[in-house]
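Both chains come to you apart, so use the hints to assemble them.
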Amino acid sequence: MDIRSAANTDTAVVVLPGVGRSAAARRVVLAVLGLLAVVGLPVLFYRLGAGLGVTRLGSGVPWGLWVAFYIYFIGLSAGSFLLSTLIYVFKNEKLEPLGRLAVLQAFVCLVTGMTFILVDLGHWERFWHPLVYPQWRSVLTWEIWAYLIYTAVLLAELWFLMRCDLARWAEEARWEAQRLYKILSLGFHCPTNEMEWRVCDTQTRRWLMILGVIGIPVALLVHGGTGAIFAVVKARPAWYTPIFPVVFIVSALASGGGLLLLLRTFLAPRSDNDRDTLCTLARLTGGFLVLDLGLLFLEFLVGTYGGIPDHVAPYRLMAFGPFWWVFWVQQLLLGAVVPLLLIYIRTDRAGAFRLGLAGLLIILGIFGVRLNIVIPALAAPILPGFDHALASARLSSLYVANWVEWLSSLGIVAAAALAALAAMRLLPMTEHQPYSSHVWEARDVRV
Amino acid sequence: MNERPDTLEMQEPPARPARELTRRRLVEHLVTIGAGALAAAMGAGAAVAQEREGRLPGAHTAASTGRKYRYGMVIDTRRCVGCKACVVACKAENRTPPGVAYTVVLDEALENRPNDKPLFMTKPCFHCEYPPCVDVCPVAATTKRSQDGIVVVDYDRCIGCRYCITACPYGSRYFDFGENYPAVAWPTPYSQVPSLEYGQFRVREEGRSPIGNVRKCTFCIHLQDQNGAYDRASGRWPACAKTCTGHAIFFGNFNDPESEVSRLLRQRQAIRLKEELGTNPNVYYLL
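If you're matching them up, the sequences are chains A and B in order.
Numbering that gives the first Met the number 0 numbers the first residue of the first sequence as 0 and each following residue consecutively.
Numbering that gives the first Met the number 0 numbers the first residue of the second sequence as 0 and each following residue consecutively.
Hint data in this document are derived by calculation from the structure and do not stem from the laboratory.
Warning: the hint list may mix true and false statements.
[What the hints assert, rightly or not] Taking lysine-lysine pairs in the DSS-like style, the calculated list, with each CA pair at most 30 Å apart, reads:
#1 A/K233 / B/K273
#2 B/K273 / B/K67
#3 B/K273 / B/K83
#4 B/K143 / B/K83
#5 B/K143 / A/K233
#6 B/K67 / B/K90
[Unchecked claim] Covered stretches of chain B (chain A as the covering partner; in silico rule of three or more C-beta atoms under 8 Å from a C-beta of chain A):
#7 104-111
#8 161-173
Where a beta carbon is used, it is the ideal one built from N, C-alpha and C, also for glycine.
Here chain B stands alone, though its shape is the one from the complex (with noise of 0.2 Å):
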């Protein structure tokens, strides 16, 4: 350690390169990609501000989305008597395992009026105009369908990561932990029925989708005619709407100005969850 006679010498910094990055400098150049991304950023935040301003909630007809349908719900709060019917048929329909539920319904006591009705709320997914969860998927496995403005997953594409969950202002999204219910799990006769979901007859099987997958409402697709039409007298209907024991829950189509759900909204004053989060979603509270 001691025989280092020249280690003064060598370790002296070698002379400067002309054209060396200086601290400023550095700084000048990423103040100049600052500035660029941040015009880029606010050019691309106009247009979206712009393009959504064309699509005012309340406008429903075809020209303002786009599409052939929008299909949604208005639900009356004071004809639901909170039975729970809907969730049942939800399930049974589905065939959701526990703890997924497409449709759940939220009690919620009056502040202050103990004795009175709690407020019951049946909440499927609303099926927005700009849902959040869509925006944060990663691989782009939700999506809302261009024809008719339902949200989707794709459970052969879905990772599980669950942004989708996180992302969802109205808790509308359940993960498949892919636990079951006694009566129908394996291996009882029923675990082999199929579900109907997306008309794709999927057999439930541990370890393949939809087990780990991010599942939601789908307003029963599968019940759909090649058209896209739902027909309520042959019972192609989603089953909660078709289930409810007091009327309370209308589904139809928002672009045709003479279905009971338009009707409905013109009628009566509507409201909707969570406005202010810009989510536009297409299902109704009547008060």
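Pulled out of the complex, with its shape left as it was, chain A reads as follows (with noise of 0.2 Å):
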């Protein structure tokens, strides 16, 4: 048969309801990321022109904003690339759907947050100093080069992913990005017989297999890792606690999941298995969301139960101190609570707004996770009575992130958000499907 007659024909092939179906929720949704990207970006520019002096960091408060998103972003990454090897390592085939996705999802993220960090630092335009001159006591060091060598897996993932898909969209002309798959294919081409193709598609397996068993430590290196940044810190007794690589890891797993709700429910393209996927998707997310409550509940515990007063600090500021909602409202309430309960209220019946919502919140939820790991820890002064030791506000122990931080963060957040919806629509995001159909309708289903 014709197989590009058959793909015109019929292709909505989505049962359930979604932002992604709908024409004008999908032009808000554009509208509001153009926006702030369009605010946000000249701002970033700013700052970078400009120097750290236009932010409200201090020697005090030394890292903010920037660096939650950057742990944030970090985090969604890896725990997006945890999960997917769920489907490629450890052959969950009701995940399988989401594969793609999860490992787009990853690689975004990593961009994200690399950028955060970069943004971040005083003299930007030395980031080549760690590649040329690393200190290899440095926790952070090591960092980088997992992060170069988790780029690499994750490229080399997404290539493997879709290679047979871009090698066909290149080979047809109908499609005007003929050129862009051409170069995105690296050459490769797809098998022109069905024999050929199921051969072709055995070896991809493998090597997904192969990528996902190298991944999984490379993945856990690049998020532990990130934790262990932090919990080396003698200095800072809230950070300074062999749990907090574990924290980072699991807290990952959940804000991955989480996003990976979001956008499949109401951003990605889906097709009709897709209550079983999200159901087990949501029940996955809400067991790590449980189990990053429990080591949080652990921090608390052993952080302030012998009552020292260095150590008890940070954990009053967080409870206490003058961003107490960010912990009991965004971080508990709406971050853990309710989505746990959106989540496993009969979720059998559970539609994809719910599951969809309860990603949201549960992403929302892990930024509050971060900015609490980040901010209570250095605003409790080092030693009494350094923050008002200078009259200058950048020993102050307040840290509220001003204009600049924000929009610029927003502005780089949008963009990503965009190249990554842009990167859904251009790519074949749907999943491995048999050689007859799994083409032209792939194409169809868009963003």
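Rendered as structure tokens:
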């Protein structure tokens, strides 16, 4: 049969409702993201030109919003990637439709996270120094190299995931971005008959397995190591705990699952067996969230039980400081209790909207977690009276990100989201399908 | 969509290759790798601990540090009146901008003694034997000098990540945000006066180092002579110690048993801050 005509006649393969299906909602999302990017990116360039003096950072609280965003996005990336290995290494078939989205999301989030840490540097034009002058006792050096290896793994995995579709699309003249696919396919030729296609598919799966096996320790190193950047700092009692890298990985898995839920339900192309997939993912994500709450409880218990003033101070700031609501409302109520109820109350009946909302709340909550990791530990004065030793706000223990930090952050996030949406629209995002149908529908179910 | 006669057949998984990496074998491999890494880490940790034991605090001899000089301070809190002349002298010497002070005076009211003199404590960089800030720097921009143990920053190397600020347990590191005191800012002629710091004679310019770098006390390293020695009589002495109105700040070489600081340590009971962190500071406080 002519597969082309089959594809053109029937392309709507969507059961669950979602924003992605509605043109108006889609336009609203794009408009908001576009506006944020248009407003935020000039602020970002203003900051890059003017130096860190335009921020509210100081020597008292030297890391703030951007570092929180940095660990947030690295976490999203590692979490998404580790979830994707459930498919490609541990062969979880229920999650299979999410595989490409998870890996793409991992890549975009990684680049976004690295952008944030670049923006945070006092001399960002020297970003290459850690590569040329590495100091190997620094965990930060290990991490920078881990990020590079991780980037390579992600790119290779993305290519192997999509090479067959890309090669096919490159051959199809109707499509205007043909040249793009030609470049992206790196000269890979798609088999022309069914037998070869099956051999190719087997090879692809094996490569994905290998990359996944390499990627798991790398991803753990990436985010556990990001946790270790903080955990090795003996000067800050709230960070100085071996549980920290573990907390980072667990909360990364929760946030990665949350973002995957959100994107899959609201924005990305979907297919018929989504309900089962989404429910599986939601339950998994909820499980990680519960585990994360358990670790949080342990941190509080051990950190405060002994009553050592320096150790208690950051937890006191977290729970009762000027930003108590980040902890109680954003992190615990809206970021954990509500999404857990949304997920676990009659999961089998849950609609896409409900699960997507849970995903959104989880990722907003984990952002609160990231803020509370970075800031309170620094906001507790390093020595009594240090915060008012000079008549300068730069030593203050009260850090509130200003408009430069917020707008540039939102600009980066919006630009990253637009790039991700464009990639989802341009790239073959639908999972493995049989030879006869796997190209033509996939292309038409776009964002 | 309805014309997929052979869909099921084609989705059939291919036969398993003989040497497939099963989950069990994967776990076994990971355990092997993990055990190897753990053994290596334990070995490295033991080596570090052993090396540190050879340099116990209080062993103030050249042999104990392997360095020509071991500069440090002894600060007598009973002599400190909290006048902050040291802060001002340091600022004048090193031309530090607002928000950057290589020494600050902390004052802490004593608990339940509201009418007593608070505890004043001038706090320069402690130039620790094991400085945590040096360990965390990703580009080796901050180092402990091999000849005299002074912890310095290479402004042209530093990327401004501020990891060292978080890692210093004593708040001795400050980020230069590029602010200026109006009286010495451009376009006043004072803005063109170079800083003596590190003997580099940098003129403060927007966007140029040390703006955007982390800065810290250097024990006024630019006042050393060619041999790395200070000379109090000719004024080549850290500005804070030189200025201190109450003679509370004593500076000197701990490797010389007859130096003032070494004698003070022998005669008086000194403490150091946060000893439990193992940083082994070279600044002592007399109570």
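Each hint tested on the structure:
Restraint check: the Cα-Cα separation between A/K233 and B/K273 comes to about 11 Å, which is no more than 30 Å; the hinted pair holds. This hinted pair checks out: B/K273 and B/K67 have alpha carbons roughly 27 Å apart, not beyond 30 Å. With a C-alpha separation of about 23 Å, the suggested pairing of B/K273 with B/K83 holds against the 30 Å cut-off. Taking the CA atoms of B/K143 and B/K83, the gap is near 27 Å; set against the 30 Å cutoff, the hint holds.
Taking the CA atoms of B/K143 and A/K233, the gap is near 19 Å; set against the 30 Å cutoff, the hint holds. For a cut-off of 30 Å, the pair hint linking B/K67 to B/K90 stands: about 28 Å separates their Cα positions. For the segment 104-111 of chain B, the proposed coverage by chain A is satisfied: 4 residues have a C-beta within less than 8 Å of a C-beta in that chain, meeting the threshold of three. For the segment 161-173 of chain B, the proposed coverage by chain A is satisfied: 11 residues have a C-beta within less than 8 Å of a C-beta in that chain, meeting the threshold of three.
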